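Model the full assembly from the supplied sequences, consistent with the hints where possible.
Just so you know, the protein sequences line up as chains A and B, in that order.
With this note's numbering applied, the first sequence has no gaps in its numbers, which climb one by one up to 896 at the end.
With this note's numbering applied, the second sequence has no gaps in its numbers, which climb one by one up to 574 at the end.
These aren't lab readings, by the way, just hints derived from the structure by calculation.
This structure is a prediction, so every number in the text was calculated from the model and none was measured.
Where hints are given, some of them may not hold.
[As the list claims (entries may be wrong)] Derived lysine-lysine pairs resembling DSSO-like cross-links, with alpha carbons at most 27 Å apart:
1. B:K524 to A:K875
2. A:K867 to B:K552
3. B:K571 to B:K552
4. A:K867 to B:K218
5. A:K867 to B:K559
6. B:K116 to B:K143
7. B:K179 to B:K218
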Amino acid sequence: MGPPLAAEPDPPWRCRVLIECEPAIKSIIVHLDSVNNDIIIEDLDEQHLVVKENMVHSLKQKLEDRLRETYRPEEPLADSD
Amino acid sequence: MSVGTQSYQLVDYLEKLPGTTFRKLYQQPSTAFAIFRRMLPDLAKLFVQALLYAPSPLLLSQLDIWVTAAGKIQRDRALSILRSLHIVQISPPSKDRPQEIQLATNFKNSLRHALEGSSTHNSFGVPSTLPVDPTIDINFLDRYARKKWEDILHYVVNSVGGDSAGASSAGGAGSGPKASVRDLLLAGRLVERRNDTRSGVGITQAGFTFLLQEANAQVWTLLLLWLEAASHNPDLGMESVDMLSFLFMLASLELGRAYDTNALPVERRNMLPSLVDFGLIYIPRDTRQYFPTRLATTLTSTSSALRSLSAGFTAAAANAPGSAPGDVAALGPAPAATNETKGSIIIETNYRLYAYTSSPLQIAVLALFTQLNMRFAGMVTGRLTRDSIRRAISYGITADQIISYLAAHAHEEMIRTAVAKGTPVLPPTVVDQIRLWQLENERMHTTAGFLFKDFDSLEEYQALSSYAEEIGTLIWKSDRKQMFFVSKFEQIRDYLKSRKKVE
Numbered sequence: 816m817g818p819p820l821a822a823e824p825d826p827p828w829r830c831r832v833l834i835e836c837e838p839a840i841k842s843i844i845v846h847l848d849s850v851n852n853d854i855i856i857e858d859l860d861e862q863h864l865v866v867k868e869n870m871v872h873s874l875k876q877k878l879e880d881r882l883r884e885t886y887r888p889e890e891p892l893a894d895s896d
Numbered sequence: 072m073s074v075g076t077q078s079y080q081l082v083d084y085l086e087k088l089p090g091t092t093f094r095k096l097y098q099q100p101s102t103a104f105a106i107f108r109r110m111l112p113d114l115a116k117l118f119v120q121a122l123l124y125a126p127s128p129l130l131l132s133q134l135d136i137w138v139t140a141a142g143k144i145q146r147d148r149a150l151s152i153l154r155s156l157h158i159v160q161i162s163p164p165s166k167d168r169p170q171e172i173q174l175a176t177n178f179k180n181s182l183r184h185a186l187e188g189s190s191t192h193n194s195f196g197v198p199s200t201l202p203v204d205p206t207i208d209i210n211f212l213d214r215y216a217r218k219k220w221e222d223i224l225h226y227v228v229n230s231v232g233g234d235s236a237g238a239s240s241a242g243g244a245g246s247g248p249k250a251s252v253r254d255l256l257l258a259g260r261l262v263e264r265r266n267d268t269r270s271g272v273g274i275t276q277a278g279f280t281f282l283l284q285e286a287n288a289q290v291w292t293l294l295l296l297w298l299e300a301a302s303h304n305p306d307l308g309m310e311s312v313d314m315l316s317f318l319f320m321l322a323s324l325e326l327g328r329a330y331d332t333n334a335l336p337v338e339r340r341n342m343l344p345s346l347v348d349f350g351l352i353y354i355p356r357d358t359r360q361y362f363p364t365r366l367a368t369t370l371t372s373t374s375s376a377l378r379s380l381s382a383g384f385t386a387a388a389a390n391a392p393g394s395a396p397g398d399v400a401a402l403g404p405a406p407a408a409t410n411e412t413k414g415s416i417i418i419e420t421n422y423r424l425y426a427y428t429s430s431p432l433q434i435a436v437l438a439l440f441t442q443l444n445m446r447f448a449g450m451v452t453g454r455l456t457r458d459s460i461r462r463a464i465s466y467g468i469t470a471d472q473i474i475s476y477l478a479a480h481a482h483e484e485m486i487r488t489a490v491a492k493g494t495p496v497l498p499p500t501v502v503d504q505i506r507l508w509q510l511e512n513e514r515m516h517t518t519a520g521f522l523f524k525d526f527d528s529l530e531e532y533q534a535l536s537s538y539a540e541e542i543g544t545l546i547w548k549s550d551r552k553q554m555f556f557v558s559k560f561e562q563i564r565d566y567l568k569s570r571k572k573v574e
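Structure follows, in structure tokens:
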């Protein structure tokens with residue numbers, strides 16, 4: 816790969832992950848990031864973030880844990896077997 | 072689909088190869104022909120045909136006579152594919168000279184040879200002149216390939232944690248794939264080592280995606296893992312370019328015919344054992360013959376990368392579990408096979424599911440997203456629950472995949488009732504609920520790719536982002552921030568380079 820190009824994406828062609836989510840979820844992610852600042856690469860807008868690829872898995876789990884504390888939807892139907 | 076589950080497909084693989092690799096690949100007429108035949112959209116084929124016998128480069132603008140004003144996007148995509156596969160060379164834009172286009176020399180010569188049957192390149196295989204065992208017919212080869220491939224699928228399915236009737240009972244169906252194949256599945260992270268399953272390995276997200284792919288895509292996934300493994304291990308003496316050429320050659324052979332092993336160079340003969348393990352070829356004992364199976368001869372017969380996921384899923388489902396053993400009609404990845412596979416699943420509005428099947432593979436697949444309760448001879452019953460769907464989703468299966476699986480395998484009684492009443496085949500409440508369960512679980516949508524920012528000028532931002540949009544890789548952009556996000560960067564990099572040269 817030749818000399819650095821003017822409009823290179825942040826360090827040479829590094830794979831990132833674009834996250835699209837509701838603003839409420841985004842604010843949780845921003846909060847999770849504020850601990851170590853190791854997740855978010857770029858805060859794009861209300862519903863979009865770019866994060867490090869290797870952090871996506873743990874981010875999903877942290878988010879799930881956080882939501883479980885507050886939110887528990889009901890089963891739509893009890894099993895009658 | 073979330074990150075890491077994108078199927079490792081042939082086109083993606085090829086697009087990442089350097090130009091020198093393509094030059095070597097295109098030395099083989101069978102390779103050039105296979106790529107021309109199966110991997111190009113129609114408009115791209117038209118361009119290639121126009122250029123094939125052109126004595127000198129054509130003006131790029133001359134191609135526009137085939138393109139209507141509305142077809143500009145298709146033209147750009149066609150050119151972008153031709154360029155990324157290194158089939159054409161286009162001169163860089165310049166103020167003094169209009170852009171010209173021509174075919175890459177090796178590609179042009181090889182495609183001409185393939186079409187004219189000229190030169191003795193042996194690129195399409197050398198049939199064996201020795202007597203052929205009459206019992207080795209197409210039927211036999213189909214059964215053989217099917218068994219080999221099902222063994223591999225079983226191995227992946229069986230690595231599901233033993234929490235369901237289906238998964239645990241699916242064991243013992245076949246002797247299982249060779250250690251070399253198991254290593255590939257591990258290296259490709261379709262399964263990973265885990266202590267909580269009986270087999271010592273557990274399925275990964277990519278493994279589920281693999282299971283739900285159509286057969287042809289599955290074969291390529293495994294073959295590309297094989298190429299990858301060989302390139303990391305030079306001791307094997309196999310070169311990935313040659314392996315790829317060999318695969319394209321196999322794809323051009325005729326099913327049911329014997330070919331001469333001795334006509335192969337020694338490097339390719341060394342590849343035969345692996346191909347036997349995958350079920351792509353059959354070698355009778357003590358002969359100098361090899362028979363390509365349907366898995367090999369259909370390698371380039373569908374451009375699976377261009378297929379929609381649901382179509383692929385349907386084909387996979389038709390291929391793998393739905394049919395009785397020995398039902399060869401279901402082996403080929405042809406769409407017709409889907410119709411020939413009888414549906415077996417009845418689903419009621421109360422989320423109960425009945426499947427009239429005794430195929431361990433189908434039961435294991437059902438167990439991925441169903442809470443199976445009872446098993447009878449020839450039938451299993453279960454329910455779709457929030458937990459069973461959520462578990463499936465946590466493995467990387469999508470609601471749409473589940474829904475299209477259920478639709479593709481609906482029992483004919485379901486279809487008959489739906490037609491009589493004029494209602495959808497699957498109960499709409501169930502379909503909606505499966506989607507809602509996914510939404511509830513999917514708090515965010517993720518796309519892997521590359522962020523572009525810090526442009527020198529607004530013009531540069533606009534030129535690049537609209538180029539990304541034209542070639543269909545743009546995912547997100549903000550004119551205000553002058554940033555955009557794309558799913559692939561290779562073509563943008565090339566575009567940037569070609570612009571640099573002009574300046």
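So, going through the hints one by one against the coordinates:
1. B:K524 to A:K875: Holds, because 26 Å separates the two Cα atoms, which is no more than 27 Å.
2. A:K867 to B:K552: Holds, at roughly 20 Å.
3. B:K571 to B:K552: Given that 27 Å is the threshold and the Cα spacing comes to 24 Å, the pair holds.
4. A:K867 to B:K218: Outside the cut-off at roughly 42 Å; violated.
5. A:K867 to B:K559: 16 Å, holds
6. B:K116 to B:K143: Roughly 16 Å between the alpha carbons, so the hint for K116 (chain B) and K143 (chain B) holds.
7. B:K179 to B:K218: 40 Å, violated
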